[in-house]
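With these hints in hand, go ahead and build the complete structure from the sequences.
Chains as they are written, first to last, in our numbering: chain A, 14 to 128; chain B, 8 to 122.
The hints are simulated quantities; they were obtained by calculation from the structure and are not laboratory data.
Keep in mind that the hints are not guaranteed to be accurate.
In silico DSS-like links for lysine-lysine, alpha-carbon gap of 25 Å or less [to be verified]:
| id | chain 1 | residue 1 | chain 2 | residue 2 |
| --- | --- | --- | --- | --- |
| 1 | B | Lys-10 | B | Lys-45 |
| 2 | A | Lys-55 | B | Lys-45 |
| 3 | A | Lys-70 | B | Lys-10 |
| 4 | A | Lys-70 | A | Lys-96 |
| 5 | A | Lys-91 | A | Lys-55 |
| 6 | A | Lys-55 | B | Lys-10 |
| 7 | B | Lys-77 | A | Lys-91 |
Values in this document were obtained by computation on a predicted structure and should not be read as measured data.
So the chains spell out like this:
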Amino acid sequence: EPEVTQTPSHQVTQMGQEVILRCVPISNHLYFYWYRQILGQKVEFLVSFYNNEISEKSEIFDDQFSVERPDGSNFTLKIRSTKLEDSAMYFCASRTRTGVDTEAFFGQGTRLTVV
Amino acid sequence: AQKVTQAQTEISVVEKEDVTLDCVYETRDTTYYLFWYKQPPSGELVFLIRRNSFDEQNEISGRYSWNFQKSTSSFNFTITASQVVDSAVYFCALGLIQGAQKLVFGQGTRLTINP
Chain A
14 EPEVTQTPSH QVTQMGQEVI LRCVPISNHL YFYWYRQILG QKVEFLVSFY
64 NNEISEKSEI FDDQFSVERP DGSNFTLKIR STKLEDSAMY FCASRTRTGV
114 DTEAFFGQGT RLTVV
Chain B
8 AQKVTQAQTE ISVVEKEDVT LDCVYETRDT TYYLFWYKQP PSGELVFLIR
58 RNSFDEQNEI SGRYSWNFQK STSSFNFTIT ASQVVDSAVY FCALGLIQGA
108 QKLVFGQGTR LTINP
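Take a look at the structure:
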């Protein structure tokens with residue numbers, strides 16, 4: 014069964030460092046998302062990406078964040094200068110098309126720890 | 008604005024008891040969809056069910072059942088004859104049709120099934 018794959022599963026980084034979280038969406042999917050879950054809290058939407066551009070972003074997704082689909086298979090989230098409060102689980106999701114009959118498939122998540 | 012409320016932060020029951028997790032949502036959209044996800048201790052989000060706003064039929068899948076009541080904007084989840092493996096955090100989410108079709112999650116309910 015096709016699945017969304019995220020790497021690494023756990024990343025520890027020093028405050029101020031850049032970090033790139035990687036995702037390989039399901040191959041025929043067209044819509045891509047990043048969500049964030051701070052420990053013990055709810056899952057929050059960060060950004061959506063379609064047709065090689067951001068289609069929507071939340072208030073959380075400030076200038077420190079960027080997304081890219083560099084090669085047609087990977088979908089990356091970059092945090093330029095990490096802060097302690099960026100520590101969270103980051104989920105990538107993808108969907109094949111719009112409509113009420115589709116759902117987003119989530120990856121297993123990357124746990125980011127900023128020290 | 009869209010919002011999902013899961014008023015029960017934590018529930019603890021003894022194995023084999025039935026348990027209902029509540030979910031109330033708010034949206035002005037007439038077309039939307041609703042989800043339940045399970046998050047086990049390993050952290051991934053496991054899709055359980057999707058229900059669109061046109062379909063108020065209740066659904067049963069094994070020990071799991073869902074009650075969608077549009078009149079009260081609720082989408083409750085019942086586990087019958089609970090098992091220790093059901094212990095997890097459960098998230099209800101509202102899926103939007105407009106825009107990027109992001110998911111809006113509730114705060115989650117931590118369910119603990121004691122042997």
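Quick rundown of the hints versus the structure:
no.: 1; hint: B:Lys-10 <-> B:Lys-45; result: 19 Å, holds
no.: 2; hint: A:Lys-55 <-> B:Lys-45; result: 12 Å, holds
no.: 3; hint: A:Lys-70 <-> B:Lys-10; result: 17 Å, holds
no.: 4; hint: A:Lys-70 <-> A:Lys-96; result: 19 Å, holds
no.: 5; hint: A:Lys-91 <-> A:Lys-55; result: 21 Å, holds
no.: 6; hint: A:Lys-55 <-> B:Lys-10; result: 12 Å, holds
no.: 7; hint: B:Lys-77 <-> A:Lys-91; result: 40 Å, violated
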